[in-house]
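Asker: Could you build the full structure based on these sequences and the hints that come with them?
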Amino acid sequence: MDWGAIFSNAAVELISPTTAAYALAALGLAVHFGYTGLLNFGQAGFMALGAYGYAISILTFGFPVWGAFLVGVGASVVFALILGIPTLRLRADYLAIVTIAAAEIVRLLFTTNTFASVTGSANGLSGYKNEFAALNPLAEGSYGFGPFQNNAYDTWLRIVAWSIVILAALLVWQVMRSPWGRVIKGIREDEDAVRALGKNVYAYKMQSLIFGGVLGTIAGMIFALPRAVVPSNYQTTLTFFIYAILLLGGAATVLGPIIGSMIFWVLLSFFSGFVARAVEAGWLPFMTAIQGGQLRFILVGVAIMLIVIFRPQGIFGNKKELAFVR
Amino acid sequence: MSANAGPQGSAAPLEPPVPTQKPIKTTGLHIGEAEPGCAKVDPILVVDNVRRTFGGLTAVDVAHVEVPRGAITALIGPNGAGKTTLFNLLTGFDKPDDGKWTFDGRSLAGVPAYRVARMGQIRTFQLTKALGLLTVMDNMLLGAKDQTGENMFRALMPFLWRSQEEENRAKALDLLTRFKLDTKKDDYAASLSGGQRKLLEMARALMSDPTLVMLDEPMAGVNPALTQSLLDHILNLKSQGMTVLFVEHDMHMVRHIADWVIVMAEGKVVAEGDPHEVMKNPAVIDAYLGQHHDEDIGEDQSTEAENVSAIKELLDDER
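So the protein sequences, as listed, match chains A and B. Mapped onto this note's numbering, the consecutive letters of the first sequence carry residue numbers 1 to 326. Mapped onto this note's numbering, the consecutive letters of the second sequence carry residue numbers 1 to 319.
By construction, these hints were calculated from the structure, which means they are not laboratory data. Worth double-checking, as some hints may not be accurate.
Said to hold, decoys possible - Listed below are the simulated DMTMM-like cross-link pairs for lysine to aspartate or glutamate, each with C-alpha atoms no more than 25 angstroms apart in a straight line:
| id | chain 1 | residue 1 | chain 2 | residue 2 |
| --- | --- | --- | --- | --- |
| 1 | B | 171 | A | 93 |
| 2 | B | 40 | B | 104 |
| 3 | B | 145 | A | 192 |
| 4 | B | 95 | A | 191 |
Answerer: Rendered as structure tokens:
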């Protein structure tokens with residue numbers, strides 16, 4: 001068994017753009033769920049809007065990178081408004097139902113053949129990377145060391161992705177320690193009490209929905225850059241993986257989603273490599289290679305269950321917050 | 001008997017809590033006879049034809065009532081009289097079927113709850129709404145009005161709101177000291193006792209310098225020792241120039257601190273008056289005793305029965 005390859009493949013995920021994308025999407029969800037108490041089950045929809053908004057703007061309309069970026073962000077603001085206007089006045093669980101349905105509607109709209117000329121239907125879109133690669137200031141060559149060795153484009157992508165994650169984390173950290181964040185956390189605890197103190201709860205919830213949604217959208221763009229945009233990537237399972245990351249790291253924390261995403265992807269890659277090689281080596285005679293590919297999700301699920309059982313506040317969560325069960 | 005005095009017949013009956021200071025009653029609040037809907041010399045809140053139905057049940061149907069400014073007004077009535085519903089309507093937390101009401105001369109019909117609060121009419125809740133996973137200090141700071149840093153974009157620039165935050169913090173600390181919660185300021189509000197949460201909710205309401213404070217059952221579930229300090233705090237509100245309207249079941253407390261009493265029954269205002277006079281009003285006795293006149297209430301510990309025994313006791317006191 002090649003342990004070195006297993007560990008080095010797992011280590012690659014530590015700073016991969018996909019990990020950054022999941023971290024950013026989980027950060028958006030932390031704003032929604034951890035800080036404001038909004039049950040958004042449609043983060044995959046926000047990500048899809050980012051990915052498609054970026055790809056379509058470049059491929060169909062020939063926009064520059066910044067224009068495509070703004071289109072994606074604009075689309076997610078509109079999406080958040082459409083979701084929020086009817087539901088934010090209602091009880092929290094309505095938002096959960098509406099967001100999960102809306103995210104599916106978005107995915108199916110991108111899948112349907114009617115718009116195949118623009119969206120590429122089920123095959124999705126590709127070939128939108130040149131514009132981003134053209135901005136790369138790095139010379140051709142190889143950068144980094146060990147498992148983190150990458151070519152110029154991949155290094156550039158990692159630098160941009162993680163810079164955005166760090167910037168977003170600082171932004172969330174700053175607003176959550178401001179009076180604005182205090183109102184937001186108050187709404188999570190009891191929105192009627194906050195309303196009785198003269199705060200426009202509806203407007204605050206809308207701002208939070210848009211803010212977290214935009215983070216999810218930017219995450220969708222980062223997610224799309226190392227691969228093609230395929231609608232099946234944006235199923236509800238994506239939202240649930242992001243929730244798993246959020247709970248792993250700690251729901252109302254800034255570092256939680258980022259470290260949670262790293263742990264999630266390193267574990268996933270480790271189990272994937274381990275199971276594949278174990279099947280090859282005949283350690284699991286009852287299993288085919290295809291079944292082995294699915295086993296990793298079971299193992300990740302068990303690992304997350306153990307963390308949630310033995311550390312329910314997540315890695316960075318405050319234990320004291322759990323001492324009071326409401 | 002106070003609602004917290006424990007089962008009757010226990011060893012030593014507890015004295016009903018009284019404020020440490022002798023309350024100075026405000027008199028001469030009304031014009032003409034003290035009857036339901038009578039005019040006040042200086043009303044702060046005027047309610048006209050406010051009606052709220054839940055299906056076939058008319059919870060509130062108030063023809064006219066005025067709340068006097070600068071006084072402590074108690075809103076009493078048996079359970080289901082519509083006191084809390086009226087509170088919710090007046091503060092924008094519920095919408096009436098029709099009717100209009102004004103606060104300080106401004107119409108409040110259709111005004112959302114948060115805007116009502118900004119006008120200076122702050123309420124508390126019957127079931128205390130302390131924000132559990134925020135610290136006591138954060139709870140207090142949330143009460144302050146017109147905070148620059150509560151705008152999302154200005155929140156990103158701390159230099160814009162830091163000085164205001166410091167002022168609010170000093171004010172909050174001052175209030176917390178008065179309410180004897182200053183040692184708890186960095187604890188989660190969830191760790192406070194029920195009575196301390198009531199105190200916190202009242203202190204938080206004062207952060208915005210309200211003109212009218214509406215307290216929904218401020219004494220419910222508070223132990224007698226704390227009741228006394230709560231009574232003092234309510235009296236202090238008046239001496240600081242605020243108007244207080246509160247819902248209460250504890251008749252002793254009502255009689256001790258209220259300057260004016262409004263009695264509701266079955267959604268309507270059935271009597272108004274000075275706390276000593278209003279207890280003798282036949283409409284009030286009917287409202288409380290009418291439901292129970294042929295029941296033995298001796299061992300019954302329900303709130304209703306306590307009201308009945310309390311009012312009987314008060315009638316005896318008055319003679």
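Asker: Run through the hints listed earlier and report the numbers of any the structure violates, in increasing order.
Answerer: 1
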